[in-house]
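J.: Just need the whole structure built from these sequences, with the hints factored in.
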Amino acid sequence: MSNNLINDSKLKDKLTKLSKEISIKKWDLGATIGKDISVQIDKSEPKQIKATQKSSITIRVWNKSNQVGVTSTSDLTENGLRKALSSAYEASNFANPNESPDFSPLSKRTLPIIEKPIKESLGVKDLLNNLIKAEQILLNKDYSIKSVPYNGFAESKYERAYINSDGAERHMEATQASLYLYARAEEEGRKPRCSGSIKIAHGASDIDIEACINEAAEKTIDHLNYKPIKTGKYLICFKPEAFLDLITSFSNIYNARAIIDGISLSKKDSLGESIATDILSINDDGLHPRNFSSCTFDGEGTPTQNLKIIEKGVLKNFIHSESTAKIFNVSPTGHAGIGAKVLVSPDWPVVYKESSQNARNPELSYKNTKEEFVLVENLNALHAGVKASQGSFSLPFDGWIVKNGTKTSIESATIAGDFRQLLKNIIQIESREHVTHHGISPHIWINELSITGDT
Amino acid sequence: MIKSLLKQEFLETHSIDDYFKQNIEFLLSYGVGAGADLVEIFVENVDNISLLVEQDTVTSVNPSIGKGIGIRVFLGKRDGFYSTNDFSKQGLIYGLDQALEMLGLEKHTNSSNSFQGLKDLTDYSISKSKMILNCPTIKESTNKLLSATMFLKKHGRHLSVRRGSYSKTLQEVIVASSDGTFAKDLRLYQSIGVNALAVDKEYRSSIGRRIGNTEKPNALIDWDAEETALDINESAEKMLYAKYVTAGQMPAILANKFGGVIFHEACGHLLETTQIERGTTPFAKLKGNKIANKAVTAIDEGKSEGAFGSIAIDDEGMETQKTVLIENGILKNFLSDRAGELRTGHKRTGSGRRQSYAFSAASRMRNTYIDKGTYTPTQLIESIDEGIYCKSMGGGSVGATGQFNFSVEEGYLIKNGKLTDPVKGATLIGEAVDVMPRISMCANDLDLAAGFCGSISGNINVTVGQPHIKVDSITIGGR
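If you're matching them up, the sequences are chains S and D in order. When you line the first sequence up against our numbering, it's residues -18 to 436, in that order. When you line the second sequence up against our numbering, it's residues 2 to 480, in that order.
Any given hint might turn out to be false.
Derived PhoX-like pairs (lysine-lysine); straight-line CA-CA distance at most 25 Å [said to hold, decoys possible]:
hint, chain 1, residue 1, chain 2, residue 2
1, S, Lys28, D, Lys348
2, D, Lys202, S, Lys405
3, S, Lys248, S, Lys28
4, D, Lys244, S, Lys405
5, S, Lys35, D, Lys90
6, D, Lys244, S, Lys211
Calculated from the structure, these hints are not laboratory results. In this text the structure is predicted, and so the values were computed from the model without any measurement.
T.: Listed below in structure tokens is the structure:
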């Protein structure tokens, strides 16, 4: 693989030269460059076509007191880099004296190998033609589908790099494409209903357009037969996408940075605690082959890994940066960004059932259960309705009330609860795992949650 | 791609001289000569610093420097957009070719379109260039933030997390279009955030406040950190032991300032021409019709001095305006940008806004508020036998078919015209078309609050606002 970002821009040479000019001995940087194209249409006509070329770099420098300063810039010219270095050096005078990041001890460790094919660009014309065709087919799927107000077909090519003055050098190149179709259905005298589908692949030519059309149509039509739901407590089945959204929203429970900052639901000594029903296990697997955004290293150059987070309901590991790992006296886990205060973020959750453990209600199945339950398809407004530091959520959702195998879409409702209780109240995890674009999970059953609907 | 970044810059913005004008005219002429109806070039330089103080320590000082160019080409009602960090002639011509190609245009097309040259530069930055000299230093800024978290500790109980954040952005923009538009502006945005998490056994509450302004260099130094700390502590303490609200349909009083976020999200977005283009607003054909209670007059403007959503020009170079959206319940105007005018016929309102050069402008809100009425806030509360008072709102969202959901950060039950127990976990649920007619009373205490709005053209600074308002009936989500 060619290291265009590092070689063509001579980033390392330039940084080495410039840092000497202003007597900086220790530095590192994270850089990304990318090109992307996206198209949107409206009734077979191109609506907006966008292309972007972008570059950004974050430079950290250590001053003579080993305090770190940082600056980000989109200017990779020599002047731009000089300005960024000077700015970072000035910022180092205000660094946190209690917690100074260092190079990751794993920044030169051999990286895992993952298959990440580089796909040819399809180009604007083909993206447009494919999207126009997809819109037409979707509109013809059902008389009720009147428009596809939100749609887009995009492809990108990008590179990431990490370099430090100690000789670490990481580089990755990738391509990615996405298609989304969000249809609006209307029937006389009824409220409009919307739903859609997103597909992601390494390249635009790999996107399963037909599957995206069919899923968007099915989901939209599935919500046509709607009625209000009475406010109350219900047996709940989360579809994989919805449960993964919850797990990610409350990932502070296994985030070492959040624990140190006091905004986690866990404490430093929480490892080994039973936090969920014993049928639940979760890994964070940034290297999973279906994770199209995977990268083999994090913002500090630490190798990405498949990390066990919860095993049989017990909290097994936290995710770390170099700095948090040092405080916990463990190794970094490959979940760091880069900055003066290094953020720690989850990669790709994989939720699964421990086959050795018995669910409280193993008979429950979203396809076969006759008893009344609410099937939650999507959770909305997560940014507003999740109180991650308090453990509570109150979220609008799309879903159905299901009874005797008959699904009726819910007109408009919110679902509320406490995340810690929810983990303890999982009564069934179905066996089939579904791959989504932001993780893997089976259908998850909760014995009872509050729903506000028609009062 | 990378190699071209090392070349001589074609649009050097340190001074807008003849060289710059000549080069930007060359690009505009190039695009028009290829058959474009209009070519617009947006040049941006940004200098930002963000600070974070946690407990009693500065934990992050994060400067960032950015620059880029957005090139937009129109042909009929369609447009193509290319953005780049590459300021070289070669890179910009490549970008322009890309944008032209998106519309099926090529540089050798025989076009009858001609470009008459740019007008003289309208420079809104002249009077503002000294602003940056009066901004606080990093040391002064961090000290001020440290004083805020110190005041939280001094006055607070049960506070396990105390945070202060500050962001200062200096954005220089130059807009040049083939219709002759040539304008420059300098914008100074500052925002201050203070948050606290209170914990006592299993009880938790988190409360935050945000202050934002534009073109007020001394805003951080002048800010009363102790007053904000006292306000947060009072709310955190009251909400710490609050019980979860019981779901139901009931009347609600929404407090002034950030209470206006509901109007912004649930109604304001539906009055942007981008929503008409998509066919996702129920108000598209209702201009001149009653869409709200006659108590409601709503405004969107970019003129309030120092307000977070104020702008001298929009990001298409048009001078800002005051736009009456709703007057006594009647829909008067939509917010429109260049593309909105082309595609929907609604005249531009100086509302074309974007997060940065990497986004094409779209019709967006500025300072948006429900205008004041004649009642006092107490009269509104006294008019309710049983309901909820929403003192502070969290965030929210509006679905594709118009349903909105907003969390209430700090709420109190109203019983017999009086505020009683604090409640948490409340969510306001409804649809703009249903709720707007139910706003029956507006108080006389209009006030504004700063916020950030994310939408089609990225995250932008806005102001929301309203006086205390009464909604006769709304669904409250709870447990």
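J.: Hinted pair, alpha-carbon criterion (25 Å max): Lys202 (chain D), Lys405 (chain S). Please report holds or violated.
T.: 19 Å, holds
J.: Between the alpha carbons of Lys28 (chain S) and Lys348 (chain D), is the straight-line distance 25 Å or under?
T.: 19 Å, holds
J.: Going straight from one Cα to the other, do Lys244 (chain D) and Lys211 (chain S) come out at no more than 25 Å?
T.: 22 Å, holds
J.: Starting from Lys35 (chain S), check that the Cα of Lys90 (chain D) is at most 25 Å away, please.
T.: 16 Å, holds
J.: Next pair to validate is Lys248 (chain S) with Lys28 (chain S); report whether the Cα-Cα distance is within 25 Å.
T.: 50 Å, violated
J.: Just to be careful, I want the Cα atoms of Lys244 (chain D) and Lys405 (chain S) compared with a cutoff of 25 Å; is the pair within it?
T.: It holds: about 22 Å lies between the C-alpha atoms, which stays within 25 Å.
Comparing the model with each numbered hint stated earlier shows that hint 3 is the single one that does not hold.
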